[in-house]
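Construct the complete structure from the given sequences, taking the supplied hints into account.
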Amino acid sequence: MTRSHHLSIVSLLLLALTLTACGFQLRGQVNLPPEMARTHVQGLNEYSDLGRDLRRLLEGSGVQVVDSTEGASAILDIITNQASRRVLSVQAGGKVQEYELIQRLVFSVRTTDGRLLLEPQELELTREYLYDRFDPLASGSQEGEIRAEMRRDITQLLMLRLQALGSGG
9 MTRSHHLSIV
19 SLLLLALTLT
29 ACGFQLRGQV
39 NLPPEMARTH
49 VQGLNEYSDL
59 GRDLRRLLEG
69 SGVQVVDSTE
79 GASAILDIIT
89 NQASRRVLSV
99 QAGGKVQEYE
109 LIQRLVFSVR
119 TTDGRLLLEP
129 QELELTREYL
139 YDRFDPLASG
149 SQEGEIRAEM
159 RRDITQLLML
169 RLQALGSGG
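Under my numbering, the first residue of the sequence shown is numbered 9, with each subsequent residue one higher.
Source of the hints: derived by calculation from the structure; they are not laboratory data. Check the hints yourself; a few may be wrong.
Unchecked claim - Taking CB as the label site, the calculated pair distances span:
(1) Val104 to Leu165: 24 to 30 Å
(2) Arg46 to Glu106: 42 to 48 Å
(3) Pro144 to Asn53: 14 to 20 Å
(4) Gly101 to Glu157: 29 to 35 Å
(5) Arg135 to Val114: 17 to 23 Å
(6) Val98 to Leu124: 40 to 46 Å
(7) Gly102 to Ala45: 52 to 58 Å
(8) Leu96 to Asn53: 27 to 33 Å
(9) Thr77 to Asp161: 27 to 33 Å
(10) Gln99 to Gln50: 40 to 46 Å
(11) Arg155 to Gly102: 22 to 28 Å
Every residue, glycine too, gets a C-beta built ideally from N, C-alpha and C.
Now the structure itself:
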């Protein structure tokens, strides 16, 4: 091995040590409380995009997602999952120029015996985009991409709230 190859390996090891020492974790991996080891997700279609994203993140964090409350140690209750759109601005002729997309999620966590681990939490994201009335297909595609990004972001925020529960904060 050449000296530069050794230097590269040492540099990568130092970078890895630095990142782990400062608490860095890969996106999606969070430390959850032990009460959530076997969690049932309630109030959300498990086959929806949000349901699949949430399941993937929970399992990636060491949680076994179970299909019913029987055998679960905790219940993640999705109280509200709402996506909406409102007009932000219109052109002189009354045509829509700009939309605001809103994603709202309210959830709580409790044990199967009813003990509340996390009071209802509300997460809300908003994004704006310009609507091109001359190319509605592109605008529709843009809206779909923004909604997918918002769904991923709100799922990450939910996981961070759950992590705070695990760290006592």
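A quick look at each hint next to the structure:
1. Look at valine 104 against leucine 165: about 29 Å separates their beta carbons, and that is inside 24 to 30 Å.
2. A beta carbon spacing of about 45 Å between arginine 46 and glutamate 106 agrees with the range 42 to 48 Å that was offered as a hint.
3. Remark: the range hint 14 to 20 Å for proline 144 to asparagine 53 is contradicted by a beta-carbon distance near 28 Å.
4. Range check, glycine 101 to glutamate 157: about 31 Å between beta-carbon atoms, so the 29 to 35 Å window is met.
5. Between arginine 135 and valine 114 the beta carbon distance is about 19 Å. The supplied range of 17 to 23 Å therefore holds.
6. Here the CB-CB span from valine 98 to leucine 124 is close to 45 Å, well matched to the stated 40 to 46 Å.
7. Separation of glycine 102 from alanine 45 is about 55 Å and conforms to the stated range, judged on CB atoms against 52 to 58 Å.
8. The supplied range of 27 to 33 Å is met by leucine 96 and asparagine 53, whose beta-carbon atoms lie about 29 Å from each other.
9. Distance hint for threonine 77 and aspartate 161: a CB-CB separation of about 29 Å, consistent with the stated range 27 to 33 Å.
10. For the hinted restraint 40 to 46 Å between glutamine 99 and glutamine 50, the CB-CB distance of approximately 44 Å keeps it satisfied.
11. In this structure the hint that arginine 155 and glycine 102 lie 22 to 28 Å apart at CB holds, the actual value being about 25 Å.
Hint 3 alone, counting from the list given before, is not met by this structure.
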